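Number of protein chains: 2
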Amino acid sequence: MKMSNMLVSTLREVPAEAEIESHKLMLRAGLMRKMAAGIYNYMPLGLKVLRNIEQIVKEEMDNAGAQEFLASAMLPAELWQESGRWDAYGAEMFRLKDRNSRDFCLGPTHEEVFTDIARNEIKSYKQLPLTLYQIQTKYRDERRPRFGVMRSREFIMKDAYSFDKDQEGLDLSYDKMHEAYVKIFNRCGLDAKCVEADSGAIGGSNSAEFMVKSEVGEDDVVFCTACDYAANIEKAPSTPEKEQVTELKEIEKVETPNVRTIDELIKFFNTTAKKFVKTLIYNADGKIVAVMVRGDREVNETKVANALGGVIELEMASAEDVVKATGAAIGFAGPIGIKVDELLVDNEVSNMYNFIVGANETGYHLSNVNYGRDFDGKLGDYRNITEGEICPHCGAKITISRGTEVGHIFKLGTKYSESMNANFIDEKGESKPFIMGCYGIGVTRTMASIIEQHHDENGIVWPISVAPYHVSVIPVNIKDEAQMKVAEEIYNKLKSMHVEVIMDDRNERAGVKFKDSDLIGIPMRITVGKKIAEGQIEFKLRNSSDIEVINIDEVYNKVKNQLD
Amino acid sequence: MKMSNMLVSTLREVPAEAEIESHKLMLRAGLMRKMAAGIYNYMPLGLKVLRNIEQIVKEEMDNAGAQEFLASAMLPAELWQESGRWDAYGAEMFRLKDRNSRDFCLGPTHEEVFTDIARNEIKSYKQLPLTLYQIQTKYRDERRPRFGVMRSREFIMKDAYSFDKDQEGLDLSYDKMHEAYVKIFNRCGLDAKCVEADSGAIGGSNSAEFMVKSEVGEDDVVFCTACDYAANIEKAPSTPEKEQVTELKEIEKVETPNVRTIDELIKFFNTTAKKFVKTLIYNADGKIVAVMVRGDREVNETKVANALGGVIELEMASAEDVVKATGAAIGFAGPIGIKVDELLVDNEVSNMYNFIVGANETGYHLSNVNYGRDFDGKLGDYRNITEGEICPHCGAKITISRGTEVGHIFKLGTKYSESMNANFIDEKGESKPFIMGCYGIGVTRTMASIIEQHHDENGIVWPISVAPYHVSVIPVNIKDEAQMKVAEEIYNKLKSMHVEVIMDDRNERAGVKFKDSDLIGIPMRITVGKKIAEGQIEFKLRNSSDIEVINIDEVYNKVKNQLD
Chain A
1400 MKMSNMLVST LREVPAEAEI ESHKLMLRAG LMRKMAAGIY NYMPLGLKVL
1450 RNIEQIVKEE MDNAGAQEFL ASAMLPAELW QESGRWDAYG AEMFRLKDRN
1500 SRDFCLGPTH EEVFTDIARN EIKSYKQLPL TLYQIQTKYR DERRPRFGVM
1550 RSREFIMKDA YSFDKDQEGL DLSYDKMHEA YVKIFNRCGL DAKCVEADSG
1600 AIGGSNSAEF MVKSEVGEDD VVFCTACDYA ANIEKAPSTP EKEQVTELKE
1650 IEKVETPNVR TIDELIKFFN TTAKKFVKTL IYNADGKIVA VMVRGDREVN
1700 ETKVANALGG VIELEMASAE DVVKATGAAI GFAGPIGIKV DELLVDNEVS
1750 NMYNFIVGAN ETGYHLSNVN YGRDFDGKLG DYRNITEGEI CPHCGAKITI
1800 SRGTEVGHIF KLGTKYSESM NANFIDEKGE SKPFIMGCYG IGVTRTMASI
1850 IEQHHDENGI VWPISVAPYH VSVIPVNIKD EAQMKVAEEI YNKLKSMHVE
1900 VIMDDRNERA GVKFKDSDLI GIPMRITVGK KIAEGQIEFK LRNSSDIEVI
1950 NIDEVYNKVK NQLD
Chain B
1400 MKMSNMLVST LREVPAEAEI ESHKLMLRAG LMRKMAAGIY NYMPLGLKVL
1450 RNIEQIVKEE MDNAGAQEFL ASAMLPAELW QESGRWDAYG AEMFRLKDRN
1500 SRDFCLGPTH EEVFTDIARN EIKSYKQLPL TLYQIQTKYR DERRPRFGVM
1550 RSREFIMKDA YSFDKDQEGL DLSYDKMHEA YVKIFNRCGL DAKCVEADSG
1600 AIGGSNSAEF MVKSEVGEDD VVFCTACDYA ANIEKAPSTP EKEQVTELKE
1650 IEKVETPNVR TIDELIKFFN TTAKKFVKTL IYNADGKIVA VMVRGDREVN
1700 ETKVANALGG VIELEMASAE DVVKATGAAI GFAGPIGIKV DELLVDNEVS
1750 NMYNFIVGAN ETGYHLSNVN YGRDFDGKLG DYRNITEGEI CPHCGAKITI
1800 SRGTEVGHIF KLGTKYSESM NANFIDEKGE SKPFIMGCYG IGVTRTMASI
1850 IEQHHDENGI VWPISVAPYH VSVIPVNIKD EAQMKVAEEI YNKLKSMHVE
1900 VIMDDRNERA GVKFKDSDLI GIPMRITVGK KIAEGQIEFK LRNSSDIEVI
1950 NIDEVYNKVK NQLD
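As given, the protein sequences belong to chains A and B, one line each in that order.
Residue 1400 is where the first sequence starts when you use my numbering, and the numbers rise one by one after that.
Residue 1400 is where the second sequence starts when you use my numbering, and the numbers rise one by one after that.
Check the hints yourself; a few may be wrong.
Here are some of the chain A residues that sit facing chain B, going by a computed Cβ distance under 8 angstroms [stated by the list, open to error]:
| no. | residue |
| --- | --- |
| 1 | Leu-1406 |
| 2 | Leu-1410 |
| 3 | Arg-1432 |
| 4 | Leu-1446 |
| 5 | Glu-1458 |
| 6 | Asn-1462 |
| 7 | Gly-1464 |
| 8 | Phe-1468 |
| 9 | Pro-1475 |
| 10 | Ala-1487 |
| 11 | Ala-1490 |
| 12 | Tyr-1538 |
Pair ranges (Cβ atoms, derived) [unchecked claim]:
| no. | chain 1 | residue 1 | chain 2 | residue 2 | range |
| --- | --- | --- | --- | --- | --- |
| 13 | A | Asp-1461 | B | Gly-1794 | 54 to 60 angstroms |
| 14 | B | Asn-1519 | A | Pro-1656 | 41 to 47 angstroms |
| 15 | B | Gln-1961 | A | Glu-1617 | 52 to 58 angstroms |
| 16 | A | Glu-1887 | B | Gly-1779 | 54 to 60 angstroms |
| 17 | B | Glu-1829 | A | Asp-1945 | 43 to 49 angstroms |
| 18 | B | Glu-1712 | A | Val-1615 | 45 to 51 angstroms |
| 19 | A | Glu-1887 | B | Gln-1566 | 27 to 33 angstroms |
| 20 | B | Glu-1416 | A | Ser-1830 | 48 to 54 angstroms |
| 21 | B | Gln-1961 | A | Glu-1907 | 45 to 51 angstroms |
Here are the simulated lysine to aspartate or glutamate pairs, EDC-like style, with alpha carbons at most 16 angstroms apart [said to hold, decoys possible]:
| no. | chain 1 | residue 1 | chain 2 | residue 2 |
| --- | --- | --- | --- | --- |
| 22 | B | Lys-1496 | A | Glu-1491 |
| 23 | A | Lys-1525 | A | Asp-1825 |
| 24 | A | Lys-1496 | B | Glu-1467 |
| 25 | B | Lys-1447 | A | Glu-1491 |
| 26 | B | Lys-1447 | A | Glu-1477 |
| 27 | A | Lys-1930 | A | Glu-1947 |
| 28 | B | Lys-1401 | A | Glu-1418 |
| 29 | A | Lys-1447 | B | Asp-1502 |
| 30 | B | Lys-1496 | A | Asp-1825 |
| 31 | A | Lys-1525 | B | Glu-1907 |
| 32 | B | Lys-1433 | A | Glu-1477 |
| 33 | B | Lys-1831 | B | Glu-1520 |
It should be emphasised that the hints constitute simulated quantities derived from the structure, not laboratory data.
Here the structure is a predicted model, which is why all the values come from computation and not from measurement.
Beta carbons: idealized from backbone N, C-alpha and C, even for Gly.
With the sequences and hints as input, model every part of the structure.
Quick look at the structure:
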């Protein structure tokens, strides 16, 4: 395409709304524009990249034997009521009514739809295994849409659902998707790590996320410094530290006026955070639950929710509920005498001696408290692993990085097929629920993640596999007929070779054209200038600073080599 | 693909919900399934057809120089408030609120969005002309979703918007789209006629529809029996009949107890419908308007709305309003003494003499009424043309057929650019509104229309250009190793030739496989049976009843010839 005919919308300034590089560059390169908070329009250049990613996803899904499907985005409430998620999904689900006041939602995900399809269309084990996928627009009303398409409210997702007759079948289907995902992210030039993930909320037995390291990622990912182990912090087991065994002392009630936070307590008692145990109070689907962890630890809410048997909504209890449970102002909660439905105690607390907790009385703490002697509770791993703890696989030290999830694969088992009565007839003539898996890739988020990993101070550096165009041909002076003739020749010849090529025939200075080409991130640049007098042009790769002066007829092989 | 791995969902029975052939066949061939009223899921086979149609649309749009874009489906109310359509669009628009109670709709069309894009991104006449298109899901809450995807609530549309600096530019952009549409429908094997259409409601100067003849179509289309003239009945001008001039008689008030309808009046007065003039009362955006047409004519509401200067909502007045306007019960409306904001009189009425009208008094009519002498009103063409009237171009007789709109091209002019302040700087440095056009193709409806035109009693007969697969290879007996070997060879060789081929390796009788292949509508069928002993197979085209027995190695050229 010739750029004089294109809608080119590059910006020199960084738009104020953008905080991270991919967001800035997607706006500056004119790939997309904001329509509303977390809702974007894709401009021609951006859409080309998106379509390239989709094509890679499609090819690898097809190679893995999955079949493409397209479900509606607008879904009737009845389906979600069957699975129980109509109520479970909170404000994140966009809901609407039709002209007859029927309830609908905009699908945030499609487990229900595909379970419904399976129960209607698959009668017999002979039709299994089956994996269906779609590339489709999803809707989630994020509380805080941010970082462009990294956390948006309308986004494109590839979601796939597998149906098997038994667990071995599911394992196979899951492995095929795992393999396809590795290929997809590789082909997109994206360094995405497969990490163990929690399978709590959706339910199911096994789950892995494909994570891209990113400072603005929403997840903490645990990596072993020695072995391959990698896991979402939600999932990674912590190892309780052990205090040296000490003689148990008598409980002492200490007056601690206005001393509430751990920092204030450390100062007041002149000791370290390790000598305190925090008692945090949660509302878990209406039940009041207290969770105890050492003063310097963070509660892992996923672990807590799982321990409670799959809580749907876990949030800090209201001030009112805290006061009710402790009989004291906020800041003085402790295990002794607390009135809660359940008391969860992190394993580590049972290895501590003579620690300090709140007294459940405003202005007082208790010291020399001991688990077992002074209170009981359900022991378990309720805290986040921390930097420097040990790998659960090999015992080496772990590190923690922020990450963004670009893919998720998940063994659902029978969670949906049982609640929605989705059954098939097995070899023995018996009716059995489908064993299901689900598999998602955030297509728009993948695009942004590629930019996060492939950019420099001048703009995007697209991997060839997803670049909107492979080559940009730049005549330095469009008023120079000889230059234009050579540029046109190269442009036309490359087009005839099925190379995706643009020619920047705009009436702009060469510097402007170079800047735009770099910003947009075209992998190869061919500059046609005065050197054509000697039959020469310039060839430059976006990811290198070298400019090669080559003979005109050499350029076609140069391009071909890069594409191969 | 091998059918043993495919989700094949053919049905022998016709589902009760389907009334028309395309709907029946899309369900029976397993192309789609209903999710909710007017909302469908596309199964793998149906999606392949849809993607083929989309690809044709895309190629022709690209060839016409249009650039692909992708706007969000969820649109903020503010944009629609700017154009005035937030209120104008009635119950047909799906509306919803986000978690912060902001108003959104699901886009039924995208004029506002693209006008917004243009005003933000196009600064100068140098960037014009520009045509952007998208293939995207649209939402319209139809009062009566019907006929499968022919009238659905969630559907796929290609919509394009052109931006020009002047009228000549628009004419050119419009003509390019016209040409592209002709190519698209031709390539899809669809016989779609371009007919003149009304441009009233959306506003603008010129408009044409691409219509497919269909008994269940929503529009009446007027065709000339002699020349090329074709128009939507909304648009086709009628020719007033002329009564022989007669002496005007004195008005007579006739007691007509309980005689209200034209049929009752004909009986009562013992004359023909041509001696009566109907007075119909409308509510036009709150104004009360009476329209008079001859007793045997139908009011053309589009013409009425246009005569009133672009009414947004025109509907029959409420009983209460009729009583208020006429001072009589319903059925006795007439022009004399009626209290309305406007009285529209069809041209033909001014050519009639001594006709009968309601008396605006319950139980009475007036005879010997004459336009001009007894009442006045705004003369114009307010009625539908009827079968047998004359062509406005050549004077030959016209016929009327039902039709379905598959495409619509439209010169919008400055309707949106003016209301939304979308301007560019012209050659003289002056700010001017964009001259716009808009262009739509119903992609899902095109799919159904192709089936309406290409089916027989056994199922769909896809044109090769859009068929989900080109060839179906059917081994008669999958337990016969020799047959399977030949079938596999043919299947693999065709695949290597990039032919879209399926092999029906299911453990079913050959009859079942033939039936499915015909129902799904695969253009070519290769049957591998006992004749392989003589090195022969059967080759059959879906659109012919001939079965050719050919040598195995001849089959590749056969297929190739069909694809060329």
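Hint check results:
The criterion of a C-beta within 8 angstroms of any C-beta in chain B is met by A/Leu-1406, whose closest approach is roughly 6 angstroms, and the hint holds. For A/Leu-1410, the suggested interface contact is broken, since its CB lies about 10 angstroms from the closest CB of chain B, more than 8 angstroms. The closest approach between the C-beta of A/Arg-1432 and any C-beta of chain B is roughly 7 angstroms, which is under the 8 angstroms cut-off, so the hint is satisfied. Interface hint at A/Leu-1446: satisfied, since its Cβ lies 5 angstroms from the closest Cβ of chain B, which is below the 8 angstroms cut-off.
With a least beta-carbon distance of about 14 angstroms to chain B, the hint placing A/Glu-1458 at the interface is violated under the 8 angstroms criterion. Hint status for A/Asn-1462: violated, given a least beta-carbon distance of 12 angstroms to chain B, over 8 angstroms. With 8 angstroms as the threshold, the beta carbon of A/Gly-1464 comes within range of chain B, its nearest partner Cβ sitting at about 6 angstroms, so the hint holds. Taken as an interface hint, A/Phe-1468 checks out: its beta carbon lies about 6 angstroms from the nearest beta carbon of chain B, inside 8 angstroms.
Against a cut-off of 8 angstroms between C-beta atoms, the interface hint on A/Pro-1475 holds, since the closest Cβ of chain B lies about 4 angstroms away. Hint status for A/Ala-1487 relative to chain B: violated, with the closest Cβ pair at about 16 angstroms, above 8 angstroms. Hint status for A/Ala-1490: holds, given a least beta-carbon distance of 5 angstroms to chain B, under 8 angstroms. The interface hint given for A/Tyr-1538 is met, as the beta carbon of that residue sits about 7 angstroms from the closest beta carbon of chain B, less than 8 angstroms.
For A/Asp-1461 and B/Gly-1794, the hinted distance range of 54 to 60 angstroms is satisfied, since their beta carbons lie about 58 angstroms from each other. The hinted window of 41 to 47 angstroms between B/Asn-1519 and A/Pro-1656 is violated, with their beta carbons roughly 59 angstroms apart. Range check, B/Gln-1961 to A/Glu-1617: Cβ separation about 53 angstroms, and the 52 to 58 angstroms hint holds. Range check, A/Glu-1887 to B/Gly-1779: Cβ separation about 56 angstroms, and the 54 to 60 angstroms hint holds.
For the hinted restraint 43 to 49 angstroms between B/Glu-1829 and A/Asp-1945, the CB-CB distance of approximately 47 angstroms keeps it satisfied. Roughly 49 angstroms separates the CB atoms of B/Glu-1712 and A/Val-1615, a value that falls within the hinted 45 to 51 angstroms. For A/Glu-1887 and B/Gln-1566, the Cβ-Cβ distance of about 32 angstroms falls inside the hinted range of 27 to 33 angstroms, so the restraint holds. For B/Glu-1416 and A/Ser-1830, the hinted distance range of 48 to 54 angstroms is not satisfied, since their beta carbons lie about 27 angstroms from each other.
B/Gln-1961 and A/Glu-1907 have their C-beta atoms about 50 angstroms apart, which keeps the hinted 45 to 51 angstroms range intact. A distance of roughly 12 angstroms separates the Cα atoms of B/Lys-1496 and A/Glu-1491; the hinted pair therefore holds under the 16 angstroms criterion. The suggested pairing of A/Lys-1525 with A/Asp-1825 holds, with an alpha-carbon distance near 8 angstroms, which does not exceed 16 angstroms. With a CA separation close to 32 angstroms, the supplied pair A/Lys-1496 and B/Glu-1467 exceeds the 16 angstroms bound.
Our distance criterion of 16 angstroms between C-alpha atoms is broken by B/Lys-1447 and A/Glu-1491, whose separation comes to about 32 angstroms. Proposed proximity of B/Lys-1447 and A/Glu-1477 is contradicted: the alpha carbons are some 29 angstroms apart, above 16 angstroms. Restraint check for A/Lys-1930 and A/Glu-1947: the C-alpha separation of about 12 angstroms stays at or below 16 angstroms, so the hint holds. Proposed proximity of B/Lys-1401 and A/Glu-1418 is contradicted: the alpha carbons are some 49 angstroms apart, above 16 angstroms.
As the CA atoms of A/Lys-1447 and B/Asp-1502 are separated by approximately 30 angstroms, the hinted pair breaks the 16 angstroms bound. With a C-alpha separation of about 45 angstroms, the suggested pair B/Lys-1496 and A/Asp-1825 falls outside the 16 angstroms cut-off, and the hint is violated. Of the pairs offered as hints, the one joining A/Lys-1525 and B/Glu-1907 holds, with about 12 angstroms between alpha carbons and a cut-off of 16 angstroms not exceeded. Between B/Lys-1433 and A/Glu-1477 the CA atoms are separated by roughly 14 angstroms; this keeps the pair inside 16 angstroms, and the hint holds.
The hinted pair formed by B/Lys-1831 and B/Glu-1520 meets the criterion: a straight-line CA distance of about 15 angstroms does not exceed 16 angstroms.
In summary, the structure is inconsistent with hints 2, 5, 6, 10, 14, 20, 24, 25, 26, 28, 29, 30 from the numbered list given earlier, while agreeing with the others.
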